[in-house]
Every structure is written in structure tokens, then in C-alpha cells.
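Number of protein chains: 2
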Amino acid sequence: MTFKTTKTHAVHGGTLRYLTHDSTATGTPMTLSVYMPPGEGPFPVLIWLSGLTCTEDNFTTKAGAYSAAAEHGVIIVAPDTSPRGEGVADDPAYDLGQGAGFYVDATQEPWVPHFRMETYVTGELIALIDAEFPTTGTRSISGHSMGGHGALTLALRHPDLFRSVSAFAPIASPTRCAWGEKAFTAYLGDNRSLWAGHDAALLIESGAARGRFDEILIDQGDADSFLTDQLKPELLQAAADAVGQGLTIRMQPGYDHSYFFMASFMADHVAFHAARLKD
Amino acid sequence: MTFKTTKTHAVHGGTLRYLTHDSTATGTPMTLSVYMPPGEGPFPVLIWLSGLTCTEDNFTTKAGAYSAAAEHGVIIVAPDTSPRGEGVADDPAYDLGQGAGFYVDATQEPWVPHFRMETYVTGELIALIDAEFPTTGTRSISGHSMGGHGALTLALRHPDLFRSVSAFAPIASPTRCAWGEKAFTAYLGDNRSLWAGHDAALLIESGAARGRFDEILIDQGDADSFLTDQLKPELLQAAADAVGQGLTIRMQPGYDHSYFFMASFMADHVAFHAARLKD
Chain A
6 MTFKTTKTHA
16 VHGGTLRYLT
26 HDSTATGTPM
36 TLSVYMPPGE
46 GPFPVLIWLS
56 GLTCTEDNFT
66 TKAGAYSAAA
76 EHGVIIVAPD
86 TSPRGEGVAD
96 DPAYDLGQGA
106 GFYVDATQEP
116 WVPHFRMETY
126 VTGELIALID
136 AEFPTTGTRS
146 ISGHSMGGHG
156 ALTLALRHPD
166 LFRSVSAFAP
176 IASPTRCAWG
186 EKAFTAYLGD
196 NRSLWAGHDA
206 ALLIESGAAR
216 GRFDEILIDQ
226 GDADSFLTDQ
236 LKPELLQAAA
246 DAVGQGLTIR
256 MQPGYDHSYF
266 FMASFMADHV
276 AFHAARLKD
Chain B
6 MTFKTTKTHA
16 VHGGTLRYLT
26 HDSTATGTPM
36 TLSVYMPPGE
46 GPFPVLIWLS
56 GLTCTEDNFT
66 TKAGAYSAAA
76 EHGVIIVAPD
86 TSPRGEGVAD
96 DPAYDLGQGA
106 GFYVDATQEP
116 WVPHFRMETY
126 VTGELIALID
136 AEFPTTGTRS
146 ISGHSMGGHG
156 ALTLALRHPD
166 LFRSVSAFAP
176 IASPTRCAWG
186 EKAFTAYLGD
196 NRSLWAGHDA
206 ALLIESGAAR
216 GRFDEILIDQ
226 GDADSFLTDQ
236 LKPELLQAAA
246 DAVGQGLTIR
256 MQPGYDHSYF
266 FMASFMADHV
276 AFHAARLKD
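Here the protein sequences come in this chain order: A and B. So the first sequence is numbered by the numbering used here: it starts at 6 and just counts up by one. So the second sequence is numbered by the numbering used here: it starts at 6 and just counts up by one.
Hints in this document: simulated from the structure, not taken from any laboratory. Misleading hints may appear alongside valid ones.
Heads up, the list lumps identical chains together, so a pair's fine if it works in one copy or across two of them.
Unchecked claim - In the DSBU-like style, the derived pairs of lysine-lysine whose C-alpha atoms are separated by at most 30 Å in a straight line are:
# : residue 1 : residue 2
1 : LYS283    : LYS187
2 : LYS67     : LYS12
3 : LYS9      : LYS67
4 : LYS187    : LYS9
5 : LYS67     : LYS187
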């Protein structure tokens with residue numbers, strides 16, 4: 006097996022594994038968790054992309070997703086948010102470098118050659134999961150904050166790979182917020198025309214993946230301290246309205262940016278994807 | 006308010022607060038979390054006692070208890086496992102001192118005067134919660150490992166305070182395992198005759214609280230690495246059988262000692278207590 010299992014836990018009748026493998030996409034070891042629901046399968050897959058500073062462990066321990074995954078018979082795969090290690094470029098800030106891969110393939114030094122999270126997720130990871138676990142070969146994608154941006158942009162850029170996409174508090178338009186401008190300048194360079202292809206709102210507006218996803222589900226807390234300056238879900242809504250993309254943004258009153266927020270609505274997202282994965 | 010709120014999160018329609026207060030029982034600041042379900046109340050209370058090395062945060066972020074608490078209308082209170090701080094005695098080992106209070110009132114130096122977790126939980130904490138939150142004045146208690154020992158022994162020693170008691174992987178008989186022998190020697194001294202009153206199996210065997218709890222619910226993973234040497238649930242079963250105490254020990258195949266195990270069965274425990282709190 007390509008994956009080396011570092012920890013195994015029984016959870017909600019299924020099996021959770023923490024895995025590591027040597028990634029050809031990033032040229033580094035990569036870590037992830039894989040939850041297998043009870044039964045023999047084959048099962049469809051939900052890819053979860055985490056936010057800034059996270060490893061695979063945050064979602065795995067805090068999101069409370071596995072009860073719903075067991076109920077619906079869905080595998081959940083949660084990779085780390087970037088390559089890591091001593092030989093990998095980094096930045097002292099929490100929002101750049103290790104833990105902040107932004108799900109793009111970097112074209113700029115010092116981030117090449119390791120920061121290739123788009124290729125890692127959409128190429129290597131998906132193929133390895135299908136090769137080594139009993140999957141149906143169908144999958145959906147979701148994520149939080151930077152990982153919500155990742156889920157939306159990877160689904161819109163690679164619609165053949167995913168049946169459905171949802172997000173919690175995504176960075177809706179990284180070309181129009183400080184987190185995104187900083188990361189895209191570093192990873193993709195100063196030419197802003199190259200950024201648009203990695204901006205969920207602009208991708209929707211461009212008609213990318215038009216008609217491929219019946220609905221996109223977004224949950225957003227209205228007490229999220231990043232809502233106004235960084236997340237800007239209204240830009241997603243405007244883009245969807247402009248091109249007739251089905252989009253449901255649920256503004257959740259009183260909820261913040263934490264895993265407590267995500268855990269509160271996680272079962273809805275698993276059910277949303279499960280319904281589309283079983284069509 | 007006696008409690009100072011350090012963090013607040015909306016969770017599953019209710020409100021989670023991290024609190025701190027100056028405890029008269031321990032003579033130190035103490036931290037805890039309190040989950041209020043949606044609605045006005047009054048609500049009954051479930052006290053949760055955590056295991057070795059934990060603070061209030063482990064249960065709060067990992068147990069996945071708040072969905073069931075919201076559904077059943079139960080407040081959940083999760084205190085820290087010991088007094089802490091620079092002026093508080095400690096030990097380099099993980100199983101003694103700070104993070105390892107064992108829910109007893111220490112009689113031995115250097116643990117007096119701060120290590121008074123029995124008085125803290127059964128006296129001060131319960132009274133403060135009833136004074137400052139909309140409770141019905143009724144409560145139950147549960148916990149994990151060292152906290153399972155705490156839940157069982159505090160309920161058996163103070164049956165008037167609790168409607169029901171359950172535990173995950175409790176230290177069933179601390180007088181007959183290394184964790185308990187070490188902690189009781191340190192906190193209670195060498196006279197083993199004084200230990201029996203803090204040993205759940207011996208308390209049941211002695212007839213303590215006979216007839217006060219219709220059933221005691223225990224979940225135990227059969228892949229728990231501490232099962233044979235430290236936890237010994239068979240001693241609880243033998244004691245219950247000897248005196249006719251209702252006891253259900255569910256040996257859960259493949260489950261270990263982690264929060265993944267607890268999260269898998271937490272909803273059952275919340276429902277178990279909710280049914281008895283609403284009688």
C-alpha cells in the first residue's frame with residue numbers, strides 16, 4: 006500500500022485511519038485522515054479541505070462528521086493543508102507557507118516545487134484513494150475558510166471530478182481580500198490576470214462549470230469575525246445570480262468561524278453530498 | 006457573576022461558554038465549559054469529568070456531546086481535572102498532580118490545600134451552576150477514565166446530588182491498579198483503609214447508595230490498551246452482581262481509549278441521563 010497507517014481508531018462503527026505517504030506532487034511526505042464507514046463498500050468519497058493553520062487533525066477530531074458519514078455510507082478524506090518539513094519553504098506568518106497552501110500550484114520562488122496542492126488533491130490524492138480503498142469512483146468536496154475556497158475552486162476548475170461541492174465560511178473571492186491577495190502574490194506572482202482562475206466568485210461569473218452542479222451549499226456564521234473583510238459571500242451570491250448558478254447561502258445567526266460552527270451543521274453537508282453521490 | 010466568560014461560541018442552536026472563576030474549594034482559579042441548550046430553561050445539568058492530562062477543552066472540542074444536549078435540553082458542565090498554576094504542587098509524571106486530581110480531597114503534603122476536587126465538584130461547582138444558570142436543580146454525572154472513576158465515586162458518595170451516573174472506560178477500582186495506587190498513596194496517604202471510600206467497585210460492594218440508581222451505564226472499548234491493567238470493569242460487574250446493583254457494561258468491539266470512542270456513544274449517555282433527569 007502506498008499509504009502508511011500511523012494511527013487507527015474505531016469511530017461510529019467504522020474505521021478512522023491517520024495516514025502518511027510520499028507525495029510525488031509535492032515531493033514531500035503528506036499526511037491525511039481517511040474515515041471508512043461500516044460495511045464492505047464500495048462507498049463514495051467526500052474530500053474535506055481545511056483552513057489556515059490546520060493539519061488533517063483539526064477536522065478529524067473536532068468536526069463531528071463521522072456519525073453522518075457512517076449513517077450515509079460515505080468515506081471522508083481529510084488531507085493536510087500544505088507540504089511541510091525542514092526542506093520546505095515557509096513564512097513566519099500564519100497565512101502563508103506551511104499550513105497555508107491555498108490549494109493552488111505555486112509558480113513562484115521559493116514555493117516551487119513543493120507547494121502544488123491543486124495537483125496533489127485533484128490528481129494524486131484522488132487517484133490513490135480510489136486505488137487503495139473500496140470507492141465507487143465518485144466523490145464530492147467541501148471545506149472551511151481557505152479550504153472552502155479550495156473546495157469551490159477545485160470543483161469549478163475540475164467539474165468532471167466531483168458530483169457536488171459545499172463550503173463553510175469560504176474565502177469567496179481571494180482576489181478581493183487581504184488573505185487571498187497576499188497568498189496569490191506569493192504563490193502565483195504579481196500578474197493578477199492569472200489569479201482569476203483561482204477565485205470562486207470569478208469562476209462562477211465566468212460560467213465555469215455552468216450547469217454541472219445543481220446547487221452549491223454554503224453555511225456562513227453572521228458572527229464570524231472574518232466575514233466582512235476576508236470571506237465576502239455576497240460576491241458568490243452576485244456571481245451565481247448573474248449566471249443562474251444554483252447557490253444556497255445559509256447565514257447562521259450567532260455562529261462564528263470555529264469548528265463549533267462547523268460541527269453544528271456538518272450533518273447537513275454530509276447529507277447534501279450523500280444525496281448527490283447516490284444519484 | 007462569579008464566573009468570568011473567556012470565550013463564547015454558538016453550537017447546535019445553544020451557547021457554549023468557557024469560564025474561569027476563583028475557587029474557594031481549591032484556592033486557585035478554576036476553568037470549565039458550560040453548554041446551554043437552545044431555549045429559556047430551566048434545564049437539568051450533566052456534569053462531565055475528564056481523564057488524566059485533560060483540561061475542560063478536550064471534552065468540549067472532541068466529545069461531540071452538544072447535538073444530543075441540544076436535542077434533550079440538557080446543560081453540560083465540564084470542569085478542569087485539577088487546580089493548576091505556579092503556586093500549585095505538581096509532579097513531572099502525567100498521572101499525578103496538575104491534570105490528575107482524581108476527584109478526591111487530598112490529605113497529604115504537598116497536595117493540601119489546593120487538591121480538593123471532590124469538594125470543588127460536589128460543593129462549590131454544583132452550587133455555583135445552580136445559582137448562576139437556569140437549572141432545574143437536578144443533575145447527573147458522567148466521565149472518562151479517571152473522570153469515570155470520579156463520576157462513579159462522587160455519585161456513590163453523594164447520591165442525593167445526582168439522578169443518574171454513567172462512565173466511559175472508568176478506573177473501576179483504583180485500589181487495585183497502578184494509576185489508583187500511585188494517586189491514592191500521594192493524595193490520601195499509606196493507610197489503605199482510607200482508600201476504599203474512593204473506589205467505585207468497593208463502594209458498590211459496600212452497599213453505598215443501594216437502590217439510589219436504577220442502572221449504571223458503562224461503555225468500554227475492548228481494544229482499550231488500559232483495559233486489563235488499569236480499568237478492570239469486571240470488578241464493577243462482580244460488585245454489582247454481589248449486591249444487586251443495576252449495571253450495564255457495554256463492551257464495544259474494536260474501540261480504544263480515545264475521544265473517538267466516546268464520541269461514538271456519547272449520544273446514548275446524554276439520552277440515558279436525560280430520561281432520568283426528566284422523571
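Alpha-carbon proximity between LYS67 and LYS12, which holds within one copy, between copies, both or neither at 30 Å: both (17 Å within a copy, 17 Å between copies)
Up to 30 Å between alpha-carbons, please classify LYS67 paired with LYS187: within, between, both or neither. For LYS67 and LYS187, the Cα distance is within 30 Å only inside one copy (28 Å; across copies 33 Å).
Treating 30 Å as the Cα threshold, decide for LYS187 and LYS9: within, between, both or neither. The answer is neither: 35 Å in one copy and 37 Å across copies each exceed 30 Å.
Within a copy, between copies, both or neither: where do LYS283 and LYS187 come within 30 Å Cα-Cα? neither (39 Å within a copy, 54 Å between copies)
Quick one: LYS9 to LYS67, C-alpha cut-off 30 Å, is that within a copy, between copies, both, or neither? Close inside one copy (23 Å) and across copies (25 Å); limit 30 Å.
Hint violations for this structure: numbers 1, 4, all remaining hints satisfied.
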